[in-house]
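Novice: Let's have the full structure, built from the sequences with the hints guiding it.
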Amino acid sequence: MALTEDPRSAPPVRWGIIGTGGIAAAFADAVRAHTRAQMVAVGSRHRDRATRFATAHGIPTVHVGYRDLVEDPQVDVVYVASPHSEHREHALLAIRAGKHVLVEKAFTRNVAEAEEVFEAARAAGVFVMEAMWTRFLPHVAAMHQVIAAGEIGEIVSVRADHGQFFAHDPKSRLYAPELAGGALLDLGVYPVSFSHDVLGVPDRVTAVGALTSTGVDGHLTIALGYGEKAQATLSTTLWARTPTTASVAGTEGYIGIAGPFYAPTSFKVSRRDGREWTFDQKLAMGLQYEAAEVARCIDAGVTESPRMTWAGTLDVLRTMDEVRRQVGVAYPGEAPTA
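Going by our numbering, the final residue of the sequence shown carries number 1040, and the count climbs one at a time with no gaps.
Since the hints were derived computationally from the structure, they do not count as laboratory data.
Any given hint might turn out to be false.
[Claimed, not checked] Here are the simulated distance ranges between beta carbons:
1. T908 - R824: 31 to 37 Å
2. E818 - K984: 54 to 60 Å
3. T757 - G902: 42 to 48 Å
4. I849 - R906: 18 to 24 Å
5. R906 - A942: 25 to 31 Å
6. T908 - R974: 38 to 44 Å
7. P945 - R977: 22 to 28 Å
8. R738 - K984: 18 to 24 Å
9. P713 - R977: 36 to 42 Å
10. R974 - G767: 54 to 60 Å
11. I849 - V1004: 41 to 47 Å
12. G1003 - E930: 38 to 44 Å
13. G852 - S968: 20 to 26 Å
14. A869 - E930: 39 to 45 Å
Using N, Cα and C, we set each Cβ at its ideal position, and we do this for glycine too.
Specialist: Here's what the structure looks like:
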């Protein structure tokens, strides 16, 4: 069974990082350990944070603020790992400086902001991609092979959940409306994007939610409808650590993906005729696969990834915009959407 390419085979690029949080740290470690790329600069509004981050991850250059980072001539591509509320601004800043960009998911707060970013990238001729790392992992590539081979028949059901426990803190990014907090953009984007990856764009969206005292979504259950048969049942919450598993069921069998389904993991195929087998590839990290995709696309001179297209990002955001509309979540300062 063919898997994804070795990230070390991707061409070397020079990365600059906006943001010094946990995901930025994980990305820097994965790139350093498993690709030929270099982490050359990091930017933060706070010099001490940037300095600590640079020291911890072997990054030679520190910038206070973000303009100097995106204008740094040694930087080829900028990784945006700031809060969701800042993704649009920071992506546009990098694009205007002529840099390629990888933007953490959720890509922006809504589809209107994403369209603005992609239009700027199109005009500038630079590469931009949403950092939905799950799409590039070996077990997801193997899952698609199983589906394409017809091993589970016609898909009729997708199920996925992502819940983590975060104690209530109005100052926390996850509970702050001004930072586009809530379960959906931080956690729920994984199940929604997974369903889109397997079944495509839904024609029906139904959501039930409960909000936090700060007005962001604390818990969501989402049902997506696809034609006459297929459905996806998705859930996300800030209030409990859930199994974070996923499954894809068809007329001939199902694929059960171990948690966390969005990270490097295993899956089991169980067919209606009694045959079963397991895919399992142990990986210490996984973010190197999306980094390698960025490097290969830049080397090829293309502006978007065929695996995580601009249209794919916009489709996921449209679904999430509709979910937020149904449960009554809006973020202060977000660009208006239709």
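Novice: A separate judgement is required for each hint: does it hold in the structure or not?
Specialist: Here's how the hints hold up against the structure:
1. Between T908 and R824 the Cβ separation comes to about 33 Å, which falls inside the hinted range of 31 to 37 Å.
2. With their beta carbons about 41 Å apart, E818 and K984 fall outside the hinted range of 54 to 60 Å.
3. Between T757 and G902 the CB atoms are about 45 Å apart, so this pair conforms to the stated range of 42 to 48 Å.
4. For I849 and R906, the Cβ-Cβ distance of about 22 Å falls inside the hinted range of 18 to 24 Å, so the restraint holds.
5. Here the CB-CB span from R906 to A942 is close to 27 Å, well matched to the stated 25 to 31 Å.
6. Separated by about 29 Å at the C-beta atoms, T908 and R974 break the suggested range of 38 to 44 Å.
7. Restraint check, P945 to R977: a C-beta distance of roughly 25 Å satisfies the suggested window 22 to 28 Å.
8. In this structure, R738 and K984 meet the distance hint of 18 to 24 Å, their C-beta atoms being roughly 22 Å apart.
9. Hint check: P713 to R977, Cβ distance near 41 Å, so the stated range 36 to 42 Å holds.
10. Restraint check, R974 to G767: a C-beta distance of roughly 59 Å satisfies the suggested window 54 to 60 Å.
11. At roughly 26 Å, the beta-carbon separation of I849 and V1004 lies outside the given 41 to 47 Å, and the hint is violated.
12. A beta carbon spacing of about 42 Å between G1003 and E930 agrees with the range 38 to 44 Å that was offered as a hint.
13. In this structure the hint that G852 and S968 lie 20 to 26 Å apart at CB holds, the actual value being about 21 Å.
14. In this structure the supplied range 39 to 45 Å holds for A869 paired with E930, their Cβ-Cβ distance being about 43 Å.
Hints 2, 6 and 11, counting from the list given before, are not met by this structure.
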